[in-house]
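Peer 1: Using the hints, position chain B against chain A.
Listed in order, the protein sequences are those of chains A and B.
Following my numbering, the numbering of the first sequence begins with 1 at its first residue and continues without gaps.
Following my numbering, the numbering of the second sequence begins with 1001 at its first residue and continues without gaps.
By construction, these hints were calculated from the structure, which means they are not laboratory data.
Wrong hints could be hidden among the right ones.
As the list claims (entries may be wrong) - With the C-beta cut set under 10 angstroms, the calculated list includes, among others, these residues of chain B facing chain A:
id: 1; residue: Ile1022
id: 2; residue: Pro1023
id: 3; residue: Leu1044
id: 4; residue: Asp1047
id: 5; residue: Ile1060
id: 6; residue: Gly1062
id: 7; residue: Pro1065
id: 8; residue: Leu1110
Glycine included, every Cβ here is placed at the ideal spot set by N, Cα and C.
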Amino acid sequence: MMRALLPLIRRDIGAAWSGGGLWLPVIFLILVASLYPFAVGPDARLLGQTGGGMLWIAALLAALLPIERLIAPDAQAGMFDQLLVRGISDETIALAKMLAHWLSFGPPLMIATLPAAALLKLDGSTLIRLELGLAIGTPALAALGVLTAALTAGLRSAGALSGLLALPLAVPLLIFGAGALHEGSGAALKFLAAISLLLVALTPIAAGAAMRAGRE
Amino acid sequence: MRISGPNGIGKSSLIRQICGLIPCNEGTIILDTAPALADERAALDPDKSLRAALLFWADIDGAPPARLDAAMERMALSPLADLPVRMLSTGQRKRAALARVIASPAKLWLLDEPGNGLDGASLASLGAAMDTHAASGGAIIAASHFDLPHAFSETLDLSEYAP
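This is chain A alone, in the form it adopts within the complex (with noise of 0.2 angstroms):
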């Protein structure tokens, strides 16, 4: 089991490297950053009090971007039989799509959260506490990536339907991800971290279960 993972996961972020995926969410982010003062004003102050929030909304949805891409190739050029043919069952794939996933989006995301948040003028305690959650939030965020991927691979329109599975799934992580951009939030962040947890250990299982009946 063990010895395909890092080739999995190895070639999953070669693939999001060379398919430009990796710089999908980045760009996304910071133009999401970017437009949004020009929607509500240049009021500093109204800025950095709903700049936060606006930035967990925009990681949210880049994380959302590559979903396509995730599960539903592979499975159609057949690399899925292989492995399976190999004894590698279809949870040790799910673990590495999910991990390779929060690899190739998560840092890259949370580095350009620093620019972004400076286009908003996020305070420097604000931006700590963004950044903290989004480290919590963002392997969430993947395992409901390759979690949507995995339900709507082989469907038509995957991508529409993969969206709107997918984000009332992610309203928890927005409500506690955005409610510990206060200070004195804790509570939420271990809200946060909890769910984050709950969706990781969860995904490889309902993912691979998803991808076994897909090919049935």
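Peer 2: Using the frame of chain A, we list chain B on its own:
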């Protein structure tokens, strides 16, 4: 063993059942070895070079790169090693999938229509590869609707079991 029969009789489904990719409605298939499968899908990354795409699988199979190079040489793929997979023709992709099977250390080869899309010379080298594998104690189950250039010890004609 060769599985023969007309289109749609269930040759590919039987191969996939042996792999455990689809469940059996009745009966059980017991397989005590990890097979190597070549079906109609090459399962190679379209943007990687042919050698890099095949190396990914050799890495997972635990096959040394030299073995892969020999298999590519055998299927006349060495001149194409640096081409991206998306540039290859159907027959070349098929040869690449067969080269992966030849390079793998698996004892059992499961080949689904291995002759499809191959020209005469490639078919002959596939036959030679199958002879070598069988001679070294390996087993082959090949589904094909036409004769392959290999002396199969058994032939299972699925049309006898048509519903």
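Peer 1: Now look at each hint and say whether the structure bears it out.
Peer 2: Hints and how they fare:
1. Ile1022: holds, 6 angstroms
2. Pro1023: This interface hint holds because 7 angstroms falls under the 10 angstroms limit.
3. Leu1044: holds, 8 angstroms
4. Asp1047: With a minimum Cβ separation of about 6 angstroms from chain A (threshold 10 angstroms), the hint on B/Asp1047 holds.
5. Ile1060: holds, 5 angstroms
6. Gly1062: holds, 7 angstroms
7. Pro1065: violated, 14 angstroms
8. Leu1110: holds, 8 angstroms
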